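K.L.:
Modelling step: build the complete structure from the supplied sequences, incorporating the hints.
Just so you know, the protein sequences line up as chains A and B, in that order.
Every number in the numbering used here is 60 more than the matching position in the first sequence, counting from 1.
Every number in the numbering used here is 73 more than the matching position in the second sequence, counting from 1.
Honestly, the hints are just simulated from the structure, not real lab data.
Mixed in with the good hints, there may be bad ones.
Listed next, the in silico BS3-like pairs over lysine-lysine satisfying Cα-Cα at most 30 Å (straight line) [what the hints assert, rightly or not]: (1) K290/B to K172/A; (2) K150/B to K290/B; (3) K102/A to K172/A; (4) K172/A to K146/A; (5) K690/B to K102/A; (6) K610/B to K682/B; (7) K295/B to K409/B; (8) K690/B to K172/A; (9) K440/B to K409/B; (10) K733/B to K682/B; (11) K733/B to K146/A; (12) K150/B to K295/B; (13) K682/B to K146/A; (14) K553/B to K610/B; (15) K690/B to K610/B; (16) K690/B to K146/A.
To give an idea of the chain B side of the interface with chain A (calculated C-beta under 8 Å), a few residues [as the list claims (entries may be wrong)]: (17) A359; (18) Q472; (19) R641; (20) W642; (21) F643; (22) C666; (23) G685; (24) L693; (25) A769.
Keep in mind that this is a model prediction, so the values were computed, not measured.
Virtual Cβ for every residue (Gly too), placed ideally from N, Cα, C.
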Amino acid sequence: MSQFSLSVRESSPAQVIDLNGYLDAHTAPQLEQAFQNLLDEKRFNIIVNFRDLIYISSAGLGVFMAFVEDVRGNDGDIKLVAMSPKVYNVFDLLGFPMLYEIYDEEHQARQKFLDSSSSLD
Amino acid sequence: MNAMNDRRPQVEYEILKPRRPALPIAMGSIIAGWLGLLIYDLAASGQRGGLASYPRIRMIIPLVALIPAALRILRSKDLESNQQAYAVFVRLTLITLIACVVLGLVTIVPIRLTQLELPADLLSHITAGVAGLIVMLALPLIAENMAQLFRYRTRGTASGMSRFYFLGLFLLAVVAQMIPISHEDKSGEVFTFIASGFSALGFVMAVQGGWILNLRKRQKLKLLGLAFIGAPAVGTLMSIALTSDAGTGMLTINPALIPLIWGLGLSATFVNMIIFVTALFALPTADAIDRRNTEVSSLANFARLLTQSLDSGNLIDTAIAIACEATSGYAVWLEKRDGEGREILLGSAPRIPSQVATALMAAPVGKGISIGNAVTERRRVEVIDRLTGFAWSGQGGRQEIRSIAAAPMQVGDDLRGTLFVAKERVNGFDRDDVVVLTALADQIALALQQSRLIQQSLKRERLEQEMLIALDLQRRLLPKLLPQSPFFEIHAESVPASIVGGDYYDVVTFSDQTLGIVVADVSGKGASAALYMGMIKGIIQALSGRCSSPKELLAETNVALHGNLDQRWFATMTCAQIVDERRTLRIARAGHCPTLLIRDGSGTYSRSKGLGLAICKPALFDRNLEVEEFVFSPGDYAIFYSDGLPEARATDGEEYGYEKLMETALAAAGNGASPLAMRDAIFEQIDQFCGTEPQADDSTLVILRWQ
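P.N.:
Structural data, given as structure tokens:
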């Protein structure tokens, strides 16, 4: 029914999760697993690219909430990029822009990670 | 052989033996009648002397005593199976033999006693009495069992004839009492002749031996032996009763026994002879019939099993038992294949160790292919006629499997597993076995499939029940009464997408007694959503009385929810306080859909700042929560809803959207629609837009109109 796929790639210093299709209660566990894998590998700089995501439901939103505290507790972050206006509206209604950094372009988020890591050095 | 057991059809759960109160009564009556006769004779002999001079009418006494036994014969139930008939014949033979032996002993004893020099007169009277008693007791028992055999598998006239036969014999015995027997007249011979004629009827009826054909071979052999002993036993019994000293004495006491002994005795002889011959001729085909019977019963059992295969463990045991029986196998097991892989099922009482079974499945059939794989590839029954090396030592000592057959279990073209049958002898499987195995294997596959389907549908049914309970719970959570006022009108409605949804609306009373409307959307669906909803309702109802504004209520609710739940879980909520029921609303939005306001014929979405509930810490939540206040005029609307409305999706994936929602509401408002009419307009538009596409989300609509 609902079509969803994701892929994970490295874009130093961050890991990028590309989302595609419909993220709802049925497909959210896939994203959850992807986050869990990254956390298990101790990779806490995570960018989620929404370019090809058509729809997100409340269950999909819940996934981000599930991991953000863990990630931030390990000096990392989840940054969201390239949302369509419709998807952004869903995040915006919930007030997510107050909780997450949301960028139009992936490189902006990557730059942000670079900046924060260099400031740590 | 317990005579009590075979009278009635046996029911498995019936522990008590079927009662048979008539038997002791019948036997007691006979004994009493006979003893009465003897005592009367003894007492009378002292006075007169000479039995011949006694009134004949006294001899009716033992015959009257026979009446309960005769009634038993007439009333006895018909047999219902070949097995019962078999049991009746076994009983008949046993009774005959016992009577024969006891009567024989009685006739021998007096010879010894004579040497003790007792008065011969008294002694012979006693011996004759005892002999008569034995015959009197044995006759009705023999008659009863014969009556059952005669009636078995006969209908209508034949059944009536058998009753007539026994009734006629009885009447003959009575009439025989009424006519004096002496050496001069030949009436005794006449009765004997008539009784023999009756026995011819018995012969005709004894021909009903068809039931023998369907017995098991062992039973046929046993019948043959019994009938072989039975026929001479009856003959001996007759000759002792009719010719021995004790016998003739007994007949002098009660000549009525003569026709009974002749009639029954000859009939019993016929019965034995016919059964002997029938069993003899049935023997050559016994093996084939045995096999056919087991096959038929196995298939019948299995068909029954198919309809009640609720318990898959039990099902496998039954399947194994049936396969064992149908193929005379020593051990049977299944290899089940499904999505999860293969599984060897030996049943709850395996007759073969699993290692041996596994080794047997790998036994080669032909060149380099195991029997298990051969069946999988070729989809047909494979047989290995001669095996060596598959021996083990079990409880019953050394066991060895010498041949094995395996059949594919298929449903349509789908292979569900393999059925294995192992035997202890070489060349254990003939062509018939292969045919039976093919059919059985498919039957088992079907039954297993059916069992799985039943399990699934049971599970689904349980889930549906659970959902219905949740739906009921959810309906109870919604308010039964909405605020009423001369200044505004409200309509509220929630339509779940599936059985149970995550939407919720409620009416609250703030600390200053002003009323408020709450619309919320709980993340998640189904039963868990209903539970969360119940929790939120509890929190809101408990907190609202302590809060004076929507902002305070939402902030307090967030405190209560934050950190208490699954991290993934959150809720969105809009809370509107009716500050002044004439015209003022105060609205705060916690991540929920913006409220649609229609004032003076134009629409706006009130999108005040506010995070969803349970998303972040109270400090952040409070800092970001705004409250807006709106003043309305008559004819204005405030429309609260859930995301199910703007996100309603058409078949092509397009969403209904906020713009269309506002357009529809404005059009309805232009007509001065009541809240109910506006609801109809909005839902109708959305239905038109979506067509038949099933909706993923719930739709909740609360419409407030000033008037």
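K.L.:
All hints, please: hold or fail.
P.N.:
So, going through the hints one by one against the coordinates:
1. K290/B to K172/A: violated, 92 Å
2. K150/B to K290/B: holds, 27 Å
3. K102/A to K172/A: holds, 19 Å
4. K172/A to K146/A: Given that 30 Å is the threshold and the Cα spacing comes to 25 Å, the pair holds.
5. K690/B to K102/A: This hinted pair holds, its Cα atoms lying about 25 Å apart.
6. K610/B to K682/B: holds, 23 Å
7. K295/B to K409/B: violated, 42 Å
8. K690/B to K172/A: Status holds; Cα separation ~24 Å.
9. K440/B to K409/B: Satisfied, since the Cα-Cα distance of roughly 25 Å is no more than 30 Å.
10. K733/B to K682/B: It holds: about 23 Å lies between the C-alpha atoms, which stays within 30 Å.
11. K733/B to K146/A: With a Cα-Cα distance of about 15 Å, the restraint between K733/B and K146/A holds, given a limit of 30 Å.
12. K150/B to K295/B: Holds, at roughly 25 Å.
13. K682/B to K146/A: holds, 18 Å
14. K553/B to K610/B: holds, 14 Å
15. K690/B to K610/B: At roughly 21 Å apart (the allowed maximum being 30 Å), K610/B and K690/B satisfy the hint.
16. K690/B to K146/A: With a Cα-Cα distance of about 26 Å, the restraint between K690/B and K146/A holds, given a limit of 30 Å.
17. A359: violated, 63 Å
18. Q472: violated, 51 Å
19. R641: holds, 3 Å
20. W642: holds, 6 Å
21. F643: Status holds, d = 7 Å.
22. C666: Since the shortest Cβ distance to chain A is 7 Å, the answer is holds.
23. G685: holds, 4 Å
24. L693: Because about 7 Å separates L693/B from the closest Cβ in chain A, which is inside the 8 Å limit, the hint holds.
25. A769: holds, 7 Å
Violated hints, in rising order: 1, 7, 17 and 18; the structure is consistent with all others.
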